[in-house]
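J.: Protein sequence lines correspond, in order, to chains A and B. The first sequence begins at 1 in this note's numbering and counts up one residue at a time. The second sequence begins at 1 in this note's numbering and counts up one residue at a time.
I should point out that these hints are in silico values taken from the structure, not numbers from a laboratory. Bear in mind the structure is a predicted one, so any value in this text is a computation, not a measurement. The beta carbon of each residue, even a glycine, is placed where N, CA and C say it ideally should be.
Computed footprint of chain A on chain B, listed as stretches where at least three residues anywhere in the stretch have a Cβ under 8 angstroms from a Cβ of chain A: (1) 101 to 112; (2) 120 to 134.
Partial chain A-side listing against chain B, Cβ under 7 angstroms, derived: (3) R2; (4) E4; (5) T6; (6) R7; (7) R8; (8) V54; (9) S57; (10) G59; (11) M60; (12) I61.
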Amino acid sequence: MRLELTRRYALAASHRLHSPHFDEAENERIYGKCNNPYGHGHNYIVEVTVTGKVDPSTGMIAHLDDLDGYVAREIIEPFDHMYLNKDVEAFRDRVPTTENVCVEIFARLRRFPGAKLVRIRLEETGRNSFEYAGQRDGDEDD
Amino acid sequence: MVHVTRKIEFSAAHRYHNPAFSAEENRRIFGKCNNPNGHGHNYVLEVTVGGEADPLTGMVLDLKELKEILEREIMDRMDHRFLNYEVPELADQIPTCENIASLIWKLLAPKIKKGRLTRVRLWESPDLYVDCYGDGTP
Ligand SMILES: [Zn+2]
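Next comes chain A alone, as it looks inside the complex (with noise of 0.2 angstroms):
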């Protein structure tokens, strides 16, 4: 049996998208609104998807409290209630766009020792959302 295990977290931050390969005249074209120099935040909703065999002494993929922690200590404490841009080093010199942070999560998940990482999508807000599984087997993400 093919199974995967989805568990969703809610996470609050706040970016800024801006890149220095652009004046400020191009930034504001590209971005928009999302180039306002204060940033401006979200309720992500982080999807984090993973497979593997099922304990027949536990009936589970991977326990909960196991993926709670892990997730808890790579992503919700470092990245909740931050502005993405500074508080986070990998978005230092990279834009904060959904798609680099659902990059980032799965970069940061893919070594959960309690089963495979399958995939991360994550919800911007209700209408928008990103996914993300990795490269080909065998390529390194990060």
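Mind docking chain B with the ligand on chain A? Use the hints.
T.: Showing chain B with the ligand alone in chain A's frame:
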């Protein structure tokens, strides 16, 4: 191929307990879910059938038929039941979302004659669901 998804809801009680573990181990591993009297969830089940639309009817399968299968195989068996005691297939398993989704797959796959069951998605709560793909790939 076209995929058709139907959603149903059922409410059921369960308890996580493995008789091979000591009482203390059970509490440590399963936490609140080990409460001897059980607890319950409003499960949401999404069943997806894939196939080609029949050129005469324009349908992959008759949704009325799927509705009846779900009524008979899932609702009658699981709705307002204590899964550990009232669903024999789960008697010697921990009734986790993983195991219930697998059971639902096994119950439904042989009953669906038009199209093919491609995914069973079982939500235990708004922040947790399991997808079962049988032996296929997602
Ligand atoms: Zn429960």
